[in-house]
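Peer 1: Spelled out from the first residue to the last, the chains are:
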Amino acid sequence: MQPAIDVRLLGVRYNLRLTRRNTVRDSFKNMARRRTGPSHFWALRDVSFRVPPGESLAVIGPNGAGKSTLLQVLAGILQPDEGAIEVNGRISSLLTLGAGFDPELSGRDNILLAGAFMGIDHGDMVARMPGVIEFANLGQFIDAPIKTYSSGMNARLGFSIATAVEPDVLLLDEVLGTGDATFRAKSQARVVELMKAARAIVLVTHDMSWAREFCNHAVLLERGNVVAAGEPDDVVRIHEERSELRQRSITPEELQPIVDAGLEPVAGGPGRGSRGR
Amino acid sequence: MSQTSEAIREAYRPRRPGILQTLIETAREVASRRRLIVYLVRADLKKRGADTLLGNLWWILDPLLTMLVYVVLIAIIFQTKREAYPLFVFCAILPWKWFSSSIADAVTCITTRERIIKQVNFPKVVLPMAAAAGGVASFAFGLIPLFAMLIFLYGSHLTAWVLVLPLIALVQFVFTLGVTLLASAVTVFYRDVGNVATHFLRIWFYLSPALYGADQIAALTAKRPEIATIYNLNPFAALFESYRDIIYYGQAPEWGALGLVLGESVVLLVIAVLVFRRLEPAFAKVI
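Chain order of the listed sequences is A and B.
Residue numbering for the first sequence is 1033 to 1309, as defined by our numbering.
Residue numbering for the second sequence is 17 to 303, as defined by our numbering.
Bound-form chain A, shown alone:
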């Protein structure tokens, strides 16, 4: 069966020189001075995994391991510098809330604008509008410019928009703690509902109970590499042991990256990164 997500030897590189300099003057300075330090940094390298339809993958790891970068690549926001990824089906990403918000526009206009950014058909978005408004529970504020909203109202609207469409592939990045207790419970229920409906899920989380409860597979990312993969219970245990060592300021022994596990020979394999839609 065709996997919902197929990631092979994914590498994402940040050019440190490019991100560091922002004015013409700085780049002249860089040219004049001898360059020191590495010119680029691999946020992810040699990452391979597959998510079959109906499965859910938890991505765990310490801060700066590349978890969010991985989600950005899966969502198509970043392009791979190496390797190939394939995502089959409509993707929805709950990366950070409040996407597409234009403070001068009303809540209603923002819903349409966000839908257009996400590539959702206009008629579809208009049809879903009442549901989004109701879920966000904004009352008459929906016609006010969102610069007048409180941060909680903003987050509620963002969550409602992002979850308005049932995706085939759901990408989640630690967005479960939003708003007040009532909304948090409501949003968690919605996420669970989406997870049940989705064909595949990738969940980035620091909450190990979510990984254990909702995922049937897990990978541990460290410094851009997959260092453990398998049953959530096992992977979480490895991660927790290593985190504990770090908390006691002991650097845990470095794990060997799992490079091409599960890869078939690539004779005549695909040459370029493809993205199914």
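Because the hints were derived from the structure by calculation, they are not lab data.
Note that the structure is a prediction, hence the values are computed from the model and not measured.
Ideal placement from N, C-alpha and C gives every residue a C-beta, glycine not left out.
There's no promise every hint is true.
Unchecked claim - Below 30 Å or equal to it, Euclidean Cα-Cα: the simulated BS3-like pairs (lysine-lysine) are:
hint, chain 1, residue 1, chain 2, residue 2
1, A, K1218, B, K134
2, B, K63, A, K1179
3, B, K97, B, K62
4, B, K97, B, K239
5, B, K134, B, K62
6, B, K62, A, K1179
7, B, K134, A, K1179
8, B, K113, B, K63
9, B, K113, B, K97
10, B, K63, B, K134
11, A, K1218, A, K1228
12, B, K134, A, K1228
13, A, K1228, A, K1179
Unchecked claim - According to the in silico footprint, chain A covers these stretches of chain B (three or more CB under 8 Å from chain A):
hint, segment
14, 49-56
15, 126-139
16, 297-303
Please arrange chain B on chain A, whose structure you already have, making use of the hints.
Peer 2: Same frame as chain A, but now just chain B:
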């Protein structure tokens, strides 16, 4: 890391699409996201109209007030001999407002959308396209005072040649779009493009036959034809003169000069699309 992994890595290395493929893909993306462009333009118009006492009336007042400034300066203080100077200068102010407001939007359109670029995957090319299209809106509103002037004040200048206006505007649109795409992409990497642009635009305006006519430049450069050639490299030399031909002089534009600008603009647009697409993957990383 074993040797096999190097070999596999090579096999999976992403390839860049060819030039033609890039152009086709871009056209397809724009077509599929045309509604997003409409929303962005509409949002922009709404924002500019809101919070002001006169609201959308500013679209009409703005070019008129600019015209007033130059009329006071050139017609009253410098005592120009030119007949119907307000109409003469308005023919240049109107297209220039379009161009300069598009560029001003272009240098901020990507950097101000930082959050959405990092959260949602969409073709970034819609942002500068919306900036260019937003300028068209300001141009369209400006046509109202233009025709009011033509009908009520300068009826003798009004001819059927005015109907060619959409054609000249189309040439300007292609040129503006090319510059907008380039400016928006480069600003991501060099934030000072925005500061430079303001001054660059001002010099460009004064070097173009906006406040004065191309005939004056021709008289000045009569003995040095090469300077006239350099002067006419500026697309706005031909564009302003074409607008003026059909509105102020009531005659055919110089088709050859206009065709040349169109040709140059198409080449510029193709280069701009290729540069933009080449830089696009880095936007989410850099901003």
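Peer 1: If any of the earlier hints don't hold here, list their numbers in rising order.
Peer 2: Of the numbered hints given earlier, those the structure breaks are 3 and 13, listed in rising order.
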